[in-house]
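Chain U is fixed; fit chains C, R and X onto it per the hints.
4 protein chains.
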Amino acid sequence: MLIVMKPQATEEDVKRVCRKIEAMGFRPHPMPGAQRTAVGITGNPGPLEPAEFETLPGVAEAIRVSKPYKLVSREVKNEDSLIRVGGGANVLAFGGKELALIAGPCAVESREQAFAAAERVRKAGARLFRGGAFKPRTSPYSFQGLGEEGLKILAEVRDRFGLLIVTETIDPENCDLVERYADVLQVGARNMQNFSLLKRVGRSKKPVLLKRGLSATLEEFLMAAEYILSEGNYNVILCERGVRTFADHTRNTLDLSVIPAVKRLSHLPIIVDPSHGTGKRDKVIPLARAAIAVGADGLIVEVHPEPDRALSDGFQSLYPEQFEELVEQVGAIARVLDRTLNSAPQANARR
Amino acid sequence: MLIVMKPQATEEDVKRVCRKIEAMGFRPHPMPGAQRTAVGITGNPGPLEPAEFETLPGVAEAIRVSKPYKLVSREVKNEDSLIRVGGGANVLAFGGKELALIAGPCAVESREQAFAAAERVRKAGARLFRGGAFKPRTSPYSFQGLGEEGLKILAEVRDRFGLLIVTETIDPENCDLVERYADVLQVGARNMQNFSLLKRVGRSKKPVLLKRGLSATLEEFLMAAEYILSEGNYNVILCERGVRTFADHTRNTLDLSVIPAVKRLSHLPIIVDPSHGTGKRDKVIPLARAAIAVGADGLIVEVHPEPDRALSDGFQSLYPEQFEELVEQVGAIARVLDRTLNSAPQANARR
Amino acid sequence: MLIVMKPQATEEDVKRVCRKIEAMGFRPHPMPGAQRTAVGITGNPGPLEPAEFETLPGVAEAIRVSKPYKLVSREVKNEDSLIRVGGGANVLAFGGKELALIAGPCAVESREQAFAAAERVRKAGARLFRGGAFKPRTSPYSFQGLGEEGLKILAEVRDRFGLLIVTETIDPENCDLVERYADVLQVGARNMQNFSLLKRVGRSKKPVLLKRGLSATLEEFLMAAEYILSEGNYNVILCERGVRTFADHTRNTLDLSVIPAVKRLSHLPIIVDPSHGTGKRDKVIPLARAAIAVGADGLIVEVHPEPDRALSDGFQSLYPEQFEELVEQVGAIARVLDRTLNSAPQANARR
Amino acid sequence: MLIVMKPQATEEDVKRVCRKIEAMGFRPHPMPGAQRTAVGITGNPGPLEPAEFETLPGVAEAIRVSKPYKLVSREVKNEDSLIRVGGGANVLAFGGKELALIAGPCAVESREQAFAAAERVRKAGARLFRGGAFKPRTSPYSFQGLGEEGLKILAEVRDRFGLLIVTETIDPENCDLVERYADVLQVGARNMQNFSLLKRVGRSKKPVLLKRGLSATLEEFLMAAEYILSEGNYNVILCERGVRTFADHTRNTLDLSVIPAVKRLSHLPIIVDPSHGTGKRDKVIPLARAAIAVGADGLIVEVHPEPDRALSDGFQSLYPEQFEELVEQVGAIARVLDRTLNSAPQANARR
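If you read the protein sequences in the order shown, they are chains U, C, R and X.
Mapping of the first sequence onto numbering that gives the first Met the number 0: position 11 corresponds to residue 10, and the numbering continues sequentially without gaps.
Mapping of the second sequence onto numbering that gives the first Met the number 0: position 84 corresponds to residue 83, and the numbering continues sequentially without gaps.
Mapping of the third sequence onto numbering that gives the first Met the number 0: position 257 corresponds to residue 256, and the numbering continues sequentially without gaps.
Mapping of the fourth sequence onto numbering that gives the first Met the number 0: position 34 corresponds to residue 33, and the numbering continues sequentially without gaps.
One chain only, chain U, in its complex shape:
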């Protein structure tokens, strides 16, 4: 159920609706829009009676939501969501005309490696830095990340280079630690249906980057996001990173058609990871161009100062000079679509 307020409804009208929902034992989700506010309801076991709400002051109408996901749906909020990341002067947004570039190594391996990567990607135009401190690895015997030490290095990267930090959190307890350092909490593909973790990041104040699972349908992907929103955190950025198919020329099959499909159903921004999506360095730039051309709101790319020495994912990490090339090429594609890269800090100050 969605309660759509009249354009002239007052803040008190909205609060009255919320109080009524709470009094019924359910949870209200006020979602302010440019024209008017809507209030989503979750927690109700079945359909509610519209008349219960339509008689309240300021209510335009009460409508039933036809999809299994509600808060992520365009039925509930038609305008694109702008997800703001960072704070103070260093803030930017996912989901608007400006495209976001997240770049950096698969894992933080050392202060030197992270700084070398950060310097290069910053110079090339990235505004966000990726790097894992806690790495979910297929093998228990593989490098699992530097842990909190890695997080501290990431915090230094932010201070030194003005890059916002995107890093992965791997379980609810670990999230307590990661959210102290990160600007964006990443939930990895293998955890897309780790519902305990989804609920935990749903209670965080930090925006969440949610990667699509290896065999997730569109509906499951949106439902995973719904878990996060239903806990109160509306700042979710989706990420397509390839799905698992029979095809063996790439590590995963990048499903770019999911971008317009998400855009049609949801107001959330979605970016693309061409590094995991292909698993091969020489495919990253072409697929990055395609991702922007299809309408993605940004990219997350693995860049390593010395890919051949990387402790993980070296074969899919770009050399820094390749990343510069990528930025140039996707920037040109972006302009065709009347979008720009949010690479220049001053350009974002306007927001």
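None of these hints come from the bench; they were simulated from the model.
Accuracy of the hints is not assured; some may be wrong.
All copies of an identical chain are treated as equivalent in the list; a pair is satisfied when it fits inside any one copy or across any two copies.
The calculated DSS-like cross-link candidates involving lysine-lysine, where the alpha carbons are at most 25 Å apart (straight line), are [to be verified]:
1. 151 - 262
2. 279 - 262
3. 66 - 279
4. 96 - 66
5. 14 - 204
6. 19 - 262
Computed from a predicted structure; not experimentally measured.
Here is chains C, R and X on its own, set in the frame of chain U:
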């Protein structure tokens, strides 16, 4: 690296090898076999020098393990593992000649429902009871299980009906609670690569039922088990429950060829879940027969006293009388393969 | 539209219905059943008026068919079809209580090889011999079969060993040749939607073995069979041979759940090919057992007198002694299901 | 084996090499390049001795080809192939800087419909017209195309609108007919491994558009093309049209990563079909942009004057005004990559 002891090696010889491994900063995994003990080594960043060990008393040879998984591998332990479940008089084993039947509802919904299900499946011959208290659901708005209340009902089921309890744990913290009640900790398909959870159940004293992920390759499946063994819990039962493909006549595609494939590479037992594997009630019995025929060590089946009223998975749950039919049919197939159902408690008393 | 005749309807009543259908410009498909005859109609662009037929003598009712496939459907013919193969004294049936075993090499390589294989599989109990004379190969540079020379060798095998011949036809023109030699025309997986070939075998007098395509849904599989029946050849045997998925431990993923799914929707028999279905010799026997346990009507298995010298598919071909083992094991499973192998010629003389 | 000639080798030198290959019982495939000619050899059962050729006049070296495909490989021909289509003044090329746009309805339904479509797509900038006269349909009861009547209409379209004709051929016999009318012979996805048809179009003088099969790996796709080249027809244009996966938000999953993968291994041009690749009208334009951005050499798009009345594929056909929009958008993307649309006839007169 695997240190194979001579048949006549003493316990002290084994301990000496373990101490040496620890002194090198790695972790020893002594694995006693019928003929002789082997000691696996994990934690070493690269290959070790065999001569370091072959000169120690009681050591037959030090061999390199060629697979990425070690402890789960037949290279390290050639004989089938017998995983003992339960305690006291109520104990049975997975992986021997006797096949294990786990049956019960998708979720514990109430004391009445659980008792009704338990009575019927016990009478039909099941020795283990399944039922979720914490349910990972695709939608945040679906029934998520009764929580600890559900676990208490399961404990009552054990006391009343002599059934051993298999129930799911969904995150590391939750595991503290679940292991107090369960005889077998289930890790669900969506959590197969939730490595924090795998490590946690790897530190439990309770056996673990590990379900194959929806898009897990055989190697990833065995690596997930390796996570558990590498933490010291060698009591892992694998479970095939269908994978995700293009085929749409069943909810998942049950991949029965993985049973002989696992048997070839690993000493761990593997069972089959024909309920999730097909998602359709009328397919459960035929696929259960096929699972036993292909060589599985048991079955886990959803049975509900009133499937049409089930809060989850009703369409794939058997009616109790269908479960009786299943037991009869798979029992007959088992006899052809010179195996029996471990349905009669006295039959297991021998172990 | 399906015209169901009354039990006491005369042959003339049936003919009258057929003439009326023809007069309307459509095609009648009379399908005699144990109780009564039904007449399917194809070629009609949209639904017909039941009253047009229900007023004719001998007609019980005219019912609309709800599936896109008609003639293969249980809506049109509820009883299992018995597909008779061979002629004279050497005849057997697919789809009854007796299970059919088809065995032989991937390709006919020489008279000696074919005879050696035939002798062994005949002795082990097979009644049908497989062997390709025209091989559809992924590479243009691979052995493509002996052509008509291979067909002549197959005819000799029939004469000498009393085995019925199953061999592949690869295009409409080629079918003219193959049907002169074969007892059963095989349409391979890669040709499952080669509609020109389907129409051509649909005009043949010989039964057709139709293999499921590598990525065919159940509906597409049944529609491919419908093509054959719609041309007038109702003698179609379906065959599951594995589908293409991400799983890499077998060459294909054998989808045994399709057997009960076909049985539910169609009256046609279905057999299983565990050789292509797994692509690995050591998986063939376990999956053959599972195929019979799940309810398949028979098996088609690759057996080569010297697999290590085979010109194609050697790694998945059984040694003759393994085939004997397979026959013994699946025979025991069959008895549990109250079925028998149609291996003894005299046993089939009754039909 | 590949015989690389010296840059200064004479025509007679090349002929001498070919004669020698023929004398050995194999088939020579001379492939002239900008710098020098190479001669591929097919038909040899195993590796040949390089010295046999390296001693002949004009031969630079004889090298072994490491891939299972040879003639399609960059090992054999490193420069991109330019596939010329059409004749006389109306000629254009696939694989160069200019991108090719093929547009038109799924099937030719009538002269009026074909002319209406042709007029619109011609005006929007397409130079090639698609339209099926023989339609491979999943159901035998669906519209199967107008047959030769449809081909005649296509020939009229060429005469009237100056559009080159791309149309499907469905079996070897049918190819005799289709090649009399078509400028490009299309082999559909379901026939990608119909080897009889591949061999037949391999003996045609007309270029071939080969669509990737629904579950074809990259290697199988290139091997299918190899069939055509090995018969002597080197004019093959590849086409990605989506593969079959678990994902259900589009009819197929468009695998754009195959474009750079093909470019790396093969000299053949490859285009993209975003209509079948998505199966949904609103996804066609975004994926068309992505296809050009990733590096495809052109597009084949379904456009219907009245999609809602189409006899097939109406839901994925663009309205004519949407096609105009598509041309504009992909043209802008093309310019970023320093390519142009070959939409203006005069621009192509240069070739």
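Cross-check of the supplied hints:
Taking the closest pair of Cα atoms, residue 151 and residue 262 never come within 25 Å of each other, the shortest separation being 36 Å inside a single copy and 43 Å across copies. Proximity of residue 279 to residue 262 under the C-alpha cut-off of 25 Å is restricted to the inter-copy arrangement: shortest distance 14 Å between copies versus 27 Å within a copy. Proximity of residue 66 to residue 279 under the C-alpha cut-off of 25 Å is restricted to the inter-copy arrangement: shortest distance 20 Å between copies versus 37 Å within a copy. For a Cα distance limit of 25 Å, the shortest separation of residue 96 from residue 66 qualifies neither inside one copy, at 28 Å, nor across copies, at 45 Å.
In the homo-oligomer, the alpha carbons of residue 14 and residue 204 lie at most 25 Å apart inside one protomer (22 Å), although the nearest pairing across protomers, at 51 Å, exceeds that limit. Proximity of residue 19 and residue 262 under a CA criterion of 25 Å is satisfied in neither setting, with 32 Å inside one chain copy and 54 Å between copies.
Consistency with the previously given hints fails for numbers 1, 4 and 6, ordered from lowest to highest.
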